[in-house]
Amino acid sequence: MTEIPKEEYVLKGTTACAGCSASLSLRYVLKVAGPDTVLVIPASCSSVIQGTYPNTALHIPVYNIAFAAAAACASGMSNAFRELGKKTNVIVYAGDGGTLDIGIQSMSGAFERGTDFLYICYDNEEYGNTGMQRSGATPLGARTTTTPAGKTEEKKDIDAIIAAHNPPYMATACSAFPQDIFKKVKKALSIRGPTFIHILAPCPSGWHYPPGKTIEIGRLAVKTGMWLLYEREYGQVSISSPSKAAMKNPAPLEEFLAPQRRFAGIDPKTVEILKQRIAQNIKRLTKEESGVC
Amino acid sequence: MTAARLLAIAAIHDGKYASACPFYGAERRGAPVVSFVRIDDRPIKVYSQIRRPDLVVVLDATLLGVVDVLSGLKTGGTILINSAHRKEYPGFFTYNIDLTGIALREDLVIAGSPILDTPLLGAIARIGIISQDSAKKAITELFTDERNVKAADAAYREITV
Amino acid sequence: MLMVATGNRAVAEAVRQAKPAVIAAYPITPQTGIVEQIAEYVTHGDLLSRYIPVESEHSAMAACIGASATGVRTFTATSSHGLLYMHEMTNWAAGARLPIVMANVNRAIGPGWNIWAEHTDAIQERDTGWLQVYISTVQEAYDATLMAFRIAEHNDVLLPVMVNLDGFLLSHDMQPLETVEPGDFIPPLHLPHAIDPTNPVAYGPLTGPDQYFRFRWDIERSMRDSVSVIRQTQAEFARRFGRTYGFTDDYRCDDADVVVVAMGTLGKEAEVAVDTLRNEGVKAGSMRLRWFRPFPKLDLAGREVVVIDRSYSFGFGGTLATSIRASCGIEPYSVIAGLGGQEVTYDDIAGFVRNRRIGGEFWFGVTPGV
Chain R
1 MTEIPKEEYV LKGTTACAGC SASLSLRYVL KVAGPDTVLV IPASCSSVIQ GTYPNTALHI
61 PVYNIAFAAA AACASGMSNA FRELGKKTNV IVYAGDGGTL DIGIQSMSGA FERGTDFLYI
121 CYDNEEYGNT GMQRSGATPL GARTTTTPAG KTEEKKDIDA IIAAHNPPYM ATACSAFPQD
181 IFKKVKKALS IRGPTFIHIL APCPSGWHYP PGKTIEIGRL AVKTGMWLLY EREYGQVSIS
241 SPSKAAMKNP APLEEFLAPQ RRFAGIDPKT VEILKQRIAQ NIKRLTKEES GVC
Chain A
1001 MTAARLLAIA AIHDGKYASA CPFYGAERRG APVVSFVRID DRPIKVYSQI RRPDLVVVLD
1061 ATLLGVVDVL SGLKTGGTIL INSAHRKEYP GFFTYNIDLT GIALREDLVI AGSPILDTPL
1121 LGAIARIGII SQDSAKKAIT ELFTDERNVK AADAAYREIT V
Chain B
2001 MLMVATGNRA VAEAVRQAKP AVIAAYPITP QTGIVEQIAE YVTHGDLLSR YIPVESEHSA
2061 MAACIGASAT GVRTFTATSS HGLLYMHEMT NWAAGARLPI VMANVNRAIG PGWNIWAEHT
2121 DAIQERDTGW LQVYISTVQE AYDATLMAFR IAEHNDVLLP VMVNLDGFLL SHDMQPLETV
2181 EPGDFIPPLH LPHAIDPTNP VAYGPLTGPD QYFRFRWDIE RSMRDSVSVI RQTQAEFARR
2241 FGRTYGFTDD YRCDDADVVV VAMGTLGKEA EVAVDTLRNE GVKAGSMRLR WFRPFPKLDL
2301 AGREVVVIDR SYSFGFGGTL ATSIRASCGI EPYSVIAGLG GQEVTYDDIA GFVRNRRIGG
2361 EFWFGVTPGV
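Protein sequences, first through last, are from chains R, A and B. Heads up: the first sequence begins at 1 in the working numbering, then just goes up one per residue. Heads up: the second sequence begins at 1001 in the working numbering, then just goes up one per residue. Heads up: the third sequence begins at 2001 in the working numbering, then just goes up one per residue.
I should point out that these hints are in silico values taken from the structure, not numbers from a laboratory. Just so you know, not all the hints are guaranteed correct.
In silico DSS-like cross-links for lysine-lysine, where the CA-CA straight-line distance does not exceed 25 Å [to be verified]: (1) K86(R) / K2019(B); (2) K87(R) / K2297(B); (3) K187(R) / K269(R); (4) K6(R) / K156(R); (5) K248(R) / K269(R); (6) K287(R) / K244(R).
Kindly generate the complete structure, drawing on both the sequences and the hints.
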């Protein structure tokens, strides 16, 4: 077991929803990063979670910035710190909307330029703080306030897009596996250049499950193969242990879908497509890990 | 454009005020281009295009049939044509000088094109708009290759005034 | 040192001497000369800055914001659509109280595509909290850029400054340029709210209706305080380097019965028109407005005023004309001329004055009968 520091940088009194896994994930991210860190946050749930002026629930400097601008802002900040001879960690903590949708241009630019920063996308598969609208990360069949009959398109594969930028390190993670998050953030921060971690962050308010089940839902996402945990270091893929077992023998997808009201009434054909996609993803990732592509 | 810049620099070395500006259209190679230079004893405050020039320089004689190069030229104004052939314009002082020939002779060719800007400056100096010293000074400021000054000297000598 | 330079080169030269730590920019015609020159300086070690070749203007301003927030000097340059694209972030820069300096090469907005001079781009940034200065010569481009850093970074200001130069007319015009050794004219930047991990605070978090307005007022307070900082800075510049600048550049205004007010190169060309009119016995003067924000108090009482606008507020009037009407309480003759690089000569300007209809509006090339 990795020794997780006792220091807290996400203090009591956040204004997050009960069962919010984005703030839970952030807690572990900051435990790794430590005090010499600046968090850059675009418009997202994390703009809300940190509290209202003049209070802040985060015990590190937080730079709030416009929705599309997080990676670019971090890019300037990182360059300035390096110019000043400082090693301060610059971490973007952006949601899926700020990453896959409106922020994709500045994110892509910052990766292409080799910015020395860690970009974390916490993915709750919706526009959360505006009231659960569809995003590019919303999975097929999920109901949101703008897809009342269920989303008819599939989730955008942002990881493939990031991989195309050839960053030195990228990984997927899930809020239900804090040890895994801790290890990956530590790794990312030890590497110079742009690194990326994509954290699946189940959202009780938008996915419509009881707040107490937030860890269980995250685990089910991994167990069913709906979410695959892996790292890609200088192009080499290694599947993380929680997913290794799941990929050999995935739990039935229905176990993940059933507790979430956003999938209520999903038609069997759509479930079948989701299942096919899981099988394809598992196959592709296994191949990539063995170096057969 | 380089010629306009050289002329402005030389005029400033002569203690005058000068401004040089190209007229920009869509940029493509081979299209006719126009540049303007103003020289004055007082600061220049005018940004609109020159419509009543004192001197017109035609670097490509094939334009003579295409563009009305005399348009706006003041009566008694000067026209300088890069050409080996003599052509006169009644009412204007006309100079014909083979700048291309000079450039080729001095081996002043870059990427297959003869450089006309620097010999032109020599010719303009001889007409008396700038001093020969300032022309040389302007050329050496922008170019290290000695052939430029040589070509300017040749043009200064060879232009018939 | 005396050199011959374009307006773009003059800006780049001033930036080289001001030594920003971070420059983030995206190329756009006719600003490209600035970023190309700066990239040259950085590549050859003539300027020890980080040059971030961002993928858009929105990111250029965002990167400047991120860099400036750490307390370092920053610079960017843009034009036209580039400025409009960064509009969200120009607001952010002012709201975050960051002394970013930006050169904007004024250019028209599409459609149709037009790369020539117009002030609409910068005018649309009017209410963002940026200071705006409009210049009229290559020398002024250099001088104003140097002064912009000192003004923006002054503790009583801490707001971004935009230096505006007319596309092509100034950006590409070559004129004599006398450079100086700025030395401590631009003192080191001490940003009081620079990011400091040993003193963790949240920048720009959720701010409720009970607090938000205080920050807006604080911008206005600093904007008002900037008036004396600008005055002091311009006086200090004159004392050190011998070139004098005011909020306006007045020419033969003292005894003038009619005054032409314009910004940028048209304001300089107007001086030639004034000479022409004086020769005809018309007591004309020219008042070239340099600072548009903060908007100075103009002494126009008791004169007839002809305002030439290179931008327009549709459904209302010429931007400068309406500003003068509001701030001076007078009815000017409003001329809309030079849009999209429309050729306007000193003869045209003299004509505007001769044919003035006080209180009226005239679109040059459009309004019939003149």
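How the hints compare with the structure:
1. For the hint linking K86(R) to K2019(B), the alpha-carbon distance of about 19 Å falls within 25 Å, and the restraint holds.
2. Straight-line distance between C-alpha atoms of K87(R) and K2297(B) comes to about 48 Å, which puts the hinted pair past the 25 Å bound.
3. Between K187(R) and K269(R) the CA atoms are separated by roughly 40 Å; this puts the pair beyond 25 Å, and the hint is violated.
4. The suggested pairing of K6(R) with K156(R) is violated, with an alpha-carbon distance near 36 Å, which exceeds 25 Å.
5. For the given pair, K248(R) sits about 24 Å from K269(R) by alpha-carbon distance, which is consistent with the 25 Å threshold.
6. For the hint linking K287(R) to K244(R), the alpha-carbon distance of about 13 Å falls within 25 Å, and the restraint holds.
Consistency note: the structure conflicts with the earlier hints numbered 2, 3 and 4.
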